[in-house]
Every structure is written in structure tokens, then in C-alpha cells.
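Undergrad: Sequence:
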Amino acid sequence: MKLITFFILFKVAGAHIVLYQPQETVSVDIGDTAVIGCVSNVNLESGGRINWYQETWTPGDRYILAISCLNDKDNDYECEHNRYETRLKIHKAKPKDSGVYYCTYDLRTFANGTFLIVEEVSQPKIPIHLLVHSHYPSINTAIQLVCTVRVTSRLVLITWNISGTYQKGKMISTREPGGTWIFQNLLSLPKGFINYGDHVTCKVWFSTSPVQVHWTILERDQTEEFISACQSPLGLALSVCLILLLTLVVHLFWTYKQKDKNAQEAEGKDRRTSVRSYLHDGIVYAHLDMGRITQGRK
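In terms of the numbering used here, the sequence shown opens at residue 36 and continues consecutively.
If you are wondering where the hints come from, they were derived from the structure by calculation, not from laboratory data.
Fair warning: there could be bad hints in the mix.
[Said to hold, decoys possible] Here are the simulated DSSO-like cross-link-like pairs (lysine-lysine), alpha carbons at most 30 Å apart as the crow flies:
#1 K238 <-> K292
#2 K226 <-> K203
#3 K124 <-> K238
#4 K226 <-> K131
#5 K127 <-> K238
#6 K124 <-> K226
#7 K205 <-> K131
#8 K129 <-> K226
#9 K131 <-> K203
#10 K203 <-> K238
#11 K238 <-> K294
#12 K205 <-> K292
#13 K205 <-> K226
#14 K203 <-> K124
#15 K238 <-> K226
[Said to hold, decoys possible] Label pairs and their in silico Cβ distance ranges:
#16 K131 <-> Q58: 14 to 24 Å
#17 K226 <-> L253: 15 to 25 Å
#18 N175 <-> L281: 29 to 39 Å
#19 G227 <-> Q293: 51 to 61 Å
#20 I207 <-> Q247: 16 to 26 Å
Predicted model only: the values in this text are computed from it and were never measured.
Glycine included, every Cβ here is placed at the ideal spot set by N, Cα and C.
With the sequences and hints as input, model every part of the structure.
TA: What follows is the structure, given as C-alpha cells:
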């Protein structure tokens, strides 16, 4: 399918040179010979204008010239040509030869690249993380994605696939104390690039069989929409107004209860005062006549 697409591109491109590398990955054991192919829509003649570059993500050594096919005298690298195809042979492959190799023409036209893995590395149960911005993404905003993995090997390839569309992203590597490496691929998707329901796949290549992590962009429910609305400037303003209104209602209710309580206490105090006043004003005085009591006893 890829070759069919490429040959269709021949007619579209016309005389403008187009290079294409049909192998996405090549894996060989240490000491074997790796062969990477590159085809063209124009006659490459002797292939003297072809150069091969190696890309790694180790800081300081990106895009290293592997070989210039004009001066094909390297013991480790060899160029082979026919009219419309050129091949790079890497003899006695070593781990340091791992990387992405690009076929170039006159240092202006680059092919799509082939990832070479020397010494197939089996690293099971390595956690691979697909990271998304903490705010739930929307198709109406730009989306930032990061795929990250920690390994002991020097080189890992990470690519993206968005619902069948290949995306390269930006590779970053960091070496940690102890010899482990952290590889990250950063992908920025512009506004309107994706739709709800699209599938995002992060592919991590340790060998010819990649490990994949998937994520589907789901449409948000009403609760999430409400949360998103509250996070907007207008939503924040409405939220603040609602909190102030609730505070005012609570304050008025508390004030009313306090007034009612004070009124009841005042009414109770008036009642107690009235009772004391009544008892004071209604005292009955009795006169005891001891003389009469004495006479009665006689």
C-alpha cells in the first residue's frame, strides 16, 4: 500500500525529486549486516548525490552524517544503487548504530526515515505513560500530548497515530544517574485537528514489534461541561455571585433568628417583672390581737 501511494506520487510530483523509505523499522542482531532501502521518482544515476544521516536523541549528536555515497570508502557503511533505488548497508552492526536513518539528495530532500534497532531488546512490563493536560481537552482548543518511557537501552523510538494518521512529534531524551534513560515524545495538535471519538495511539519501539498505549477522545458529559463553564471567566464571576448571594441569605436568616431570640428573652423578662410587681403590690397584712386570744382561753 505504501509503495502504491509512493508511485502515485511520482505522477503528481513530476520532475521534482521525491525520496521514500518503505521500511519503517529494521532490526538486526549485533554483528549482522543491516540493509536500509530508499526509492526515488527520478533516476539517481550513480547515486553520488545521495547521503545517509543518522538521527539519535542523545543530547549533542542529532543528525550525524553516516556516509556520503560520493566517497563510499567506509568499512562499516556501504552504498548500493540502481536507477531508482539506493541502499545503505551497515556491516557488523553495533548498538551505537541504532537510530533513525534518512536518505537525502543534495542535502535538500530528505526521505521519511527508517528506524534501525541493533540487538533486539526485550524489556517487558516497562511502564509507558500517555500524558494529557490536566484540563479535559476540547476539540476547539490545542491539545498537548506526551508519551514517556524509562528504559536502560540507549535508543527508543516513539511515534504517534491519530485515527490512522502518522504523527512524528518531538523526541527528547534524558540520561539519569545509574544509566537509565527517559525518552519522551511531545506532540502538539492544533485547534480543530481532531474530533470526538478519534483514537490516539502512542507507539514505543524497542524492537520490530512496538508496544502501544491507546487513548480515545470522548465527548464530555453535562457535568464536565458545567465544570468547564465554571472555569471560564464568566463562569467564575457567576460562581462568585452565587457564593455571595448564599452568604447574604445565611446572614439575613441568622440576624432574624437573633432578633426573634432577643424578643423572646425581653418578653420573658417583662413577664417575670410583672409577677414580682403584682406580688409586691398585693401583699396582705394581718394584725394578731394577743389580748383577745388570751381572754378566749380563760
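Undergrad: Hint by hint, note whether the structure agrees.
TA: A quick look at each hint next to the structure:
1. At most 30 Å may separate the alpha-carbon atoms for a hinted pair to count; K238 and K292 exceed this at roughly 66 Å.
2. In summary, the hint linking K226 to K203 is supported, as the alpha carbons are separated by about 18 Å, within the 30 Å threshold.
3. For the suggested pair K124 and K238, the alpha carbons sit about 26 Å apart, so the restraint of at most 30 Å is met.
4. Pair hint K226 plus K131 does not hold up; C-alpha atoms about 39 Å apart against a cutoff of 30 Å.
5. As the CA atoms of K127 and K238 are separated by approximately 28 Å, the hinted pair is consistent with the 30 Å bound.
6. Among the hinted pairs, K124 with K226 is inconsistent with the structure: their alpha-carbon atoms are about 42 Å apart, more than 30 Å.
7. Of the supplied pair hints, the one linking K205 and K131 holds, its CA atoms being roughly 21 Å apart against a limit of 30 Å.
8. Proposed proximity of K129 and K226 is contradicted: the alpha carbons are some 43 Å apart, above 30 Å.
9. At most 30 Å may separate the alpha-carbon atoms for a hinted pair to count; K131 and K203 meet this at roughly 22 Å.
10. The straight-line distance between the Cα atoms of K203 and K238 is roughly 10 Å, inside the 30 Å bound, and the hint therefore holds.
11. Of the pairs offered as hints, the one joining K238 and K294 is violated, with about 70 Å between alpha carbons and a cut-off of 30 Å exceeded.
12. With a C-alpha separation of about 65 Å, the suggested pair K205 and K292 falls outside the 30 Å cut-off, and the hint is violated.
13. This hinted pair checks out: K205 and K226 have alpha carbons roughly 18 Å apart, not beyond 30 Å.
14. This hinted pair checks out: K203 and K124 have alpha carbons roughly 25 Å apart, not beyond 30 Å.
15. Restraint check for K238 and K226: satisfied, since their Cα atoms lie roughly 23 Å apart, inside the 30 Å limit.
16. For the hinted restraint 14 to 24 Å between K131 and Q58, the CB-CB distance of approximately 20 Å keeps it satisfied.
17. Between K226 and L253 the C-beta distance comes to about 18 Å, which sits within the given range of 15 to 25 Å.
18. For the pair N175 and L281, the supplied restraint of 29 to 39 Å holds, since their beta-carbon distance comes to about 32 Å.
19. Take G227 and Q293: their Cβ atoms lie about 58 Å apart, and the range 51 to 61 Å holds.
20. A C-beta distance of roughly 20 Å is found between I207 and Q247, which places it inside the suggested range of 16 to 26 Å.
The earlier numbered hints that this structure contradicts are 1, 4, 6, 8, 11, 12.
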